[in-house]
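J.: Please build the complete structure, drawing on both the sequences and the hints.
Chains as they are written, first to last, in the numbering used here: chain S, 1 to 407; chain Y, 1 to 407; chain X, 1 to 261; chain D, 1 to 261.
It is worth saying that the hints were derived from the structure and are not from the lab.
All clues given are correct.
Not close to chain D: a few residues of chain S, all C-beta gaps over 12 Å, as computed:
#1 A35
#2 Q42
#3 H49
#4 E66
#5 T154
#6 G202
#7 S220
#8 G259
Heads up, incomplete: computed chain Y residues facing chain X, CB under 10 Å, no partners named:
#9 L169
#10 Q275
#11 D289
#12 V307
Taking CB as the label site, the calculated pair distances span:
#13 S:K388 - Y:E128: 20 to 30 Å
#14 Y:I40 - S:A389: 34 to 44 Å
#15 Y:Q48 - S:E330: 33 to 43 Å
#16 X:K116 - S:Q393: 53 to 63 Å
#17 Y:E128 - X:S194: 29 to 39 Å
#18 X:E256 - Y:E128: 34 to 44 Å
#19 S:P367 - Y:E66: 48 to 58 Å
#20 S:D182 - D:D133: 20 to 30 Å
#21 Y:V334 - S:K38: 29 to 39 Å
#22 D:S119 - S:T154: 42 to 52 Å
#23 X:A139 - Y:A363: 48 to 58 Å
#24 X:Q193 - S:D213: 56 to 66 Å
#25 Y:A217 - S:K38: 14 to 24 Å
#26 D:P120 - S:T159: 35 to 45 Å
Fair warning: this is a prediction, and the values are worked out from it, not measured in the lab.
For glycine and all other residues, C-beta sits at the position ideal for the given N, C-alpha and C.
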Amino acid sequence: MSDQGYFGQYGGSFIPEILYSSQQQLLHHYRDAMADPKFITQIKHEMQHYSGRPTPLTFCGNLSAEIGGAQIYLKREDLNHSGAHKMNNVIGQGLLTKRMGKKRVIAETGAGQHGVATALLSARLGLECTIYMGAHDIARQYPNVFWMKQLGATVVPVTSGSQTLKDALDEALRDWTSSFEDTHYLIGTSCGCEPFPEMVAGFQSVIGEEVKDQSMAQFSAMPDKIYACVGGGSNACGIFLPFVGSDTELVGIEAGGRGDGIGQHAKRFNTDQAQFGISQGYATKFIQDDQGQLAPTHSISAGLDYVGVSPILADLSDRGLVRMSSALDEEVIVAFKKLMRSEGIIAALESSHAIAGGLKEAASLDPQQNIVINVSGRGDKDIFTIAKALDDQPFNDFLRNYLEESH
Amino acid sequence: MSDQGYFGQYGGSFIPEILYSSQQQLLHHYRDAMADPKFITQIKHEMQHYSGRPTPLTFCGNLSAEIGGAQIYLKREDLNHSGAHKMNNVIGQGLLTKRMGKKRVIAETGAGQHGVATALLSARLGLECTIYMGAHDIARQYPNVFWMKQLGATVVPVTSGSQTLKDALDEALRDWTSSFEDTHYLIGTSCGCEPFPEMVAGFQSVIGEEVKDQSMAQFSAMPDKIYACVGGGSNACGIFLPFVGSDTELVGIEAGGRGDGIGQHAKRFNTDQAQFGISQGYATKFIQDDQGQLAPTHSISAGLDYVGVSPILADLSDRGLVRMSSALDEEVIVAFKKLMRSEGIIAALESSHAIAGGLKEAASLDPQQNIVINVSGRGDKDIFTIAKALDDQPFNDFLRNYLEESH
Amino acid sequence: MSALAKFIIKERQSKSILLMTHVIYGYPTIETSLEMMRIILQKDVSILEVQFPFSDPVADGPIITNGCHKALENKPNLDQCIKDISDLADEFPNSKVLLMSYLNPLLQYGFDALAKAMSPAIAGVIVPDLPIDQSKMVAPLVAANIDPIWLIIPNMDPARMALVCEQAQGLLYCVSRKGVTGKSSSKSNASGQSLETYLAGIRALTTVPLALGFGISSAQQVSEIVGEADVAVVGSALLAAFQRAGIEGFSEKITELVSLG
Amino acid sequence: MSALAKFIIKERQSKSILLMTHVIYGYPTIETSLEMMRIILQKDVSILEVQFPFSDPVADGPIITNGCHKALENKPNLDQCIKDISDLADEFPNSKVLLMSYLNPLLQYGFDALAKAMSPAIAGVIVPDLPIDQSKMVAPLVAANIDPIWLIIPNMDPARMALVCEQAQGLLYCVSRKGVTGKSSSKSNASGQSLETYLAGIRALTTVPLALGFGISSAQQVSEIVGEADVAVVGSALLAAFQRAGIEGFSEKITELVSLG
Ligand SMILES: Cc1ncc(COP(=O)(O)O)c(C=O)c1O
Ligand SMILES: Cc1ncc(COP(=O)(O)O)c(C=O)c1O
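T.: Below is the structure:
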């Protein structure tokens, strides 16, 4: 558990005074709930019976042979209900919302994965649901918006600032300052003020706990290395935390984007474009300019396209307990294809960052070693991005056709 | 086990002489494999570690309360890798193909779900893969075609006849007559000549076996009724067979389409447009005209849009062991939305037929009773059909935008 | 010995090889298809094979499959088809007429009714999706002296070949290679087994005349099998000729084919 | 007692209520924003609140948020901003100038450097995302006699309110209701608690002057709180006036607001 929400120099709570009491209330209910075995059982039950946990640990024989290094295993968060790990956190916070007696949830979303997961569970729990999403992201990710709306959620386009994830988060905070009495802010990643980073990472830790058991059962050892992509950091925290301080090396892969130019990537580590800063309720490494203005970011995967990062990871990295690396957009597409062709698994572009990072290093390891790569989500959602990246004309013809017929 | 592939008067083997020996070889290898515990273990292993089985049995509290009748449980085949139950059969036949030492598989597909599942596993098993798909279906379901191609499969458009599933099946049979030496025909449903109906139903029976255990564990009884949609019949056979002859009533839901007119539906039961017939390698109820020509069919869900049906179900229906009903396209959309809004589960339109059938009857049952509805697949794949059915303009705007940008 | 077998043996005394040519009833129209049959019979082709179209002809290749689907647009009726070709059979007593179709259309008509309708004019039936194991289904035809014409294929399991030969009557249809109709063939079949060996193996088991089929498209190819098979089957090639050059070209193709023998 | 507090108390002897008006540095341009500040000071507004824009102003509503994003296009520099407003402060000794911004821009500048740069011209800072628990961060400012202006909100936990009042210096910013800047307000706050009770509760704990903010947009509203608060804060309303009717309308709005008091 963190001290005042601090992880080394990161974390903390930097929110408008108006949110203080609801944050304290959340903190109180959260600690209380986590100490209640009935609540824990309820979460486990929903994770199993609604989302389909445990997710398997899939051995990739072909891939391992082709790479010719370590034995490669994939943690299959893509098989969760909603198609990504996001559901783990949503189940935890959703049930907490009910426990707090609140009737409404709000959430920010970038790719739309967290928004869809939140809309899905809100329907199941009978919660009113409002999703804040940058206008740019809505234009890029409309299919997810379509599902949120179908699920009964209100999707609010955020037209201020860069009109992407960080602005959606700002807008969600603004909503919360006037709605906290009946509303829980269901944040989608391991960021924000206390207790969000710890809480989200905690609900996601089921990933790493399962990997522990499955590793012993499947290869009778702990993994030598674990790879996860890092946007806000929730899937990485989820699979890393149970292994922190063990002999397993933990490697986070950020979005290298198109290169190192400002606005071309979303790297919060290994670049001086990111510095210690405080915003959006917490302290961490933010990509920012010399005036402390948060900077624009880019990634081929909307889910990694974020300016801050979990204070937990920022601290673990400072302490040398997690190693941070990155993958470029084009390396990601290559890794995406390789996994698809070798093992018949279609990973999300976010997850494909972890694949790229893992495969790059696996080659130089020896066959006695085992690595686990977290497939945080499935790639069907990315068909538009991928068809464009591969310039697949038949797909465009199909769309034209479809548009004509729907007249 | 069936006698000569017969199920009452249905089934059998009616294939060109040229296929006789490869059919015999398949029969032999299949019986041999099923008698080999190692093979069974291998299948169980892949179903668990690749596809994520067991799939959960999800209790729907809201839905049950709203309907005000029986307690409603959903079998979640939508959580399988590939998003549908199709993967269960593909894993079984795929591993059998390797065991037979064949290098290539061919398959027919309608919606594309079986094609994608086959392409996925072929990539994982290193098998060459050719998918036959009606030209009409390709136009309707291109996203699935996109993934098959990305996975390395060859997708052959079938331009003869009605250019849909049955013609794809004919074309796959034609391929097989000249390729059987190195090729296995991986049929996607519980139809065709011996041993396909029995084999596919057998691999799918894992669904019903799990439901048995889960029912005892979750409500300490066997389900009072089980509902499944019926296209070729594989998901229905899969969930029904372990319960045949028990006190559980088994209800199959066919595609009622737009109504009872010829070519407006895909009902093989409760209509005289369907008669005993022999085609595509087996005997069953085929929708046909007075000249014995197979008739056109329609369903809002491409996966139920088939002219024949599993001989196993035709026989069970004759013997009163399975009850057949149907749902109209519009009832299906209503059921699809209801489940989505009440429980946050997006079911495939095929599966939504089972939902429609189950909800209709659940109301008149009493709260002591438990029903299980098979959610054979997830509905993300149907976004184009649903957006069109709901005439969602923003979706069309998104597509126009996308097309402009990709210039 | 069946009338068909007797007919073939008698014809073979004067001809080095007989021709069996194929027409789809209703393609491109019912009238034209009847005209094509008439041309065939007028040119003294020994055996006319008339295919009643079916929506799902799994044993046929693209040319015949598409021909059948085109023919179906003209709503062919099996009863009328049998009447029409029976009339032709009566009009041309020096040739034999066979009905070819798939199981389902025949099944819906009913085999008893079929026997009544076909006899005595139609000499036999070819049903590519009816396996020998199901021969009892066509018992009513056999009883009416209508020969079910079974298929023999390359590398057939000996026991099964014996089973077929034992039941064979009228004519045996020997497939020269695997695959569907309309793919070009060669003198040695898929397995590289020579045609001689292949046919000799069959003759050793039966005295029923042998037709050799699949992929014969020219008089040249027909001449190559003189002395080996009793009957040369020409199917897709004729349809192709019609599609290339109309009724003219079709007629010329027949003339070319009957030139020898 | 801090200079700012002394100033307010002295002013209040002659004025029934003081005005604190808000301008975004750099909106719509740096020049125009300086011109707006000058107008405010020329019209004898007691307190000028200058907001240095930040990319993610979570405590501000749409009007100010969009104003800040627009201002950022002009690449405002905090150092230059402090110089500019310090010059204004020196030029208009009868008013006080406060700097408002979010934590991150100040943090990057550094609080020691900030103290040096701001004193003695700038009287205080308002940092909406700096909670009282983090007051040690602004210690360098306190040491330089620059007052951190803390917020009091409706229904605040008594213990916490005591904590804030205890640390209060210069001025306390009392929020009249929940939510972000720019939403219209009423005399009773969200919880229906009357303004009197609300402010009385605060006065019971501190002698520091009280500013009342959020949603005051007219002289009418200002007059309503005469006798209750020492300072009326007008923010978004001025920006709105400028957007409606340009520098003219802005100027008239100031005139309207200062009319009483
Ligand atoms: C599939 C997937 N992976 C990863 C991420 C990144 O989030 P996080 O770093 O919190 O796991 C997202 C966010 O949308 C996602 O959808
Ligand atoms: C999700 C889903 N359900 C059901 C079906 C129908 O097939 P079957 O009746 O064999 O289960 C399909 C076929 O594509 C499908 O994709």
